[in-house]
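Please work from the sequences and hints to get the whole structure.
Residue numbers (the numbering used here), protein chains in the order written: chain D, 4 to 340; chain U, 722 to 893.
Do not take every clue at face value.
[To be verified] Derived CB-CB ranges, DEER-like: (1) Gly47/D with Thr871/U: 21 to 29 Å; (2) Met891/U with Ala7/D: 20 to 28 Å; (3) Ser861/U with Arg53/D: 19 to 27 Å; (4) Ala39/D with Pro787/U: 45 to 53 Å; (5) Arg806/U with Leu95/D: 32 to 40 Å; (6) Ala37/D with Gln863/U: 36 to 44 Å; (7) Ala785/U with Lys5/D: 47 to 55 Å; (8) Ala94/D with Thr871/U: 34 to 42 Å.
It should be emphasised that the hints constitute simulated quantities derived from the structure, not laboratory data. Beta carbons: idealized from backbone N, C-alpha and C, even for Gly.
These are the residues of each chain, in order.
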Amino acid sequence: MKPACARAEIVAGAIALGEATETERDEYRRHIAACASCLAALGGEREIERIMRAVADARDAETWEPVVPSPSARRSRTLRRAWRFGVSSAALAIVVSFAIHLAIVAFLRPVSAPPASALAQLPQSTMRVTLERPPAPVHAKAVRHASEPSIVVVHNVITLKSPPRATVDRDAQTPVRATETRVSTATTVVAAATAAPSDVPIWRRDAALPIARAPQPPVLQGRAESIAVAPSYVIRDATPLGGDTAIDPRPPLIAYSQGAEGTTAFEVSVDERGNPQRCTITKSSGYLSLDDAVCAAAMHARYAPRTVNGRATPGVYRDAFTFRAQTRDESPQVPEF
Amino acid sequence: MEEVYLTAGSSESGAQVRVESLAREYQTKLARYLRRMVGDSETALDLTQDVFLAAFRTLQNDPARPLTAGWLYKTATNSAISFLRRKKIVRMLPLDRDHDVRSWRIDEQSTISLDLQAALDRLPADQSSAVLLTSYAGYSSQEAAAMLGTSADAVRQRVCRAMKTLRTVMTE
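Here it is, written out as structure tokens:
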């Protein structure tokens, strides 16, 4: 920058602040008359005054009148707050540590595990029990902790199903069961386990199984108005998205040290968007930690909603997980019942 | 830090009275000045309180010291500059100051006010403090120079450069 232009900046600043003498104003006028760049950048005297008036207008338009707390008030308030905080946090610490002790004591004494015949005691009127044995430990995966005995998680050992919904065609002659193929496996409890081993996980089996349909009405010969149209239902139940690891329970460490074992059956109500709404344990494993882990995992998953004729509706997904305690060198095993 | 106030004896009440009278007189001006500097009402309030706290400490250590408005503005400017420097370090993302201005009172969101703030946000701290101390707080260039520790000509030059930016913003 040329010295004359630097000088012009100072004079322009003086003009802006209203401190310029008349000789300085003359000096500035002469400079911008000769220097096009300064005229373009700074503008004439009127321009400078216009901008500074805008600043003053902006200042005068302000209405903000804050009340700043006085430092002494702040000091005493801070001290009081610190004192109260100290006292209350000490009391809180005592209460919390006591509660933690209670919780640990309660937790170390697990609910007595249900006997092996617990499955038989399930209410038969509302639920049927299907046993399906996975063919190989393909779906079994070992959850190992570094040095502790680990827990084997086996997917879908028990499926609890409510009785299938029956749909009746118009003539009410033959009740058509929507999940007909499942009914057959459900009635033969033990036979299904040996007769129908399959590599398909239970939550993908919908795709493998023939979809239950109402039988097509017979094509009637004759007049057009006599052709009956029977209602046809295609129902797909809610299924978790994401394959084997869709629901991935992670039992807490306390379950490992307890050597927790058992089967947790649960059901998740899934809304029409596929979001899990509520998880209910229908059969407890006897360990709160395992049940909680299963429900937390089930609520974390995403689901394909139940569809009726392609329209999404709220539905229920039912599943079960079996946890087995396992020593470090033992290979994962299929659970026995 | 806080214990210092407790142990201070009779001088505490005198310092307190003086600071409170200073606060009554200057809190609005200082808060508005700091809000223009940092562009944010909440931060401006915090910084204003820091200024009065600093005044309180100073008066406790030296009860005879005269504290002028210039001292308050100087302290405010320094705290604002150090706040802006910290903010620059902390925030790697480009600043979105428009958001701060939107939190201002609705009757202050005139075009002129927003333009001024947009220009001030673009300016380096020395230029914005120069233009705010003079045309905004009403000090002469000599007084502002004493607060900022420079010469009067330097203040005029900074005002002129700030004005260039302001002119660009207002004609955009």
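What hints, given by number in increasing order, does this structure fail? Of the numbered hints given earlier, those the structure breaks are 6 and 8, listed in rising order.
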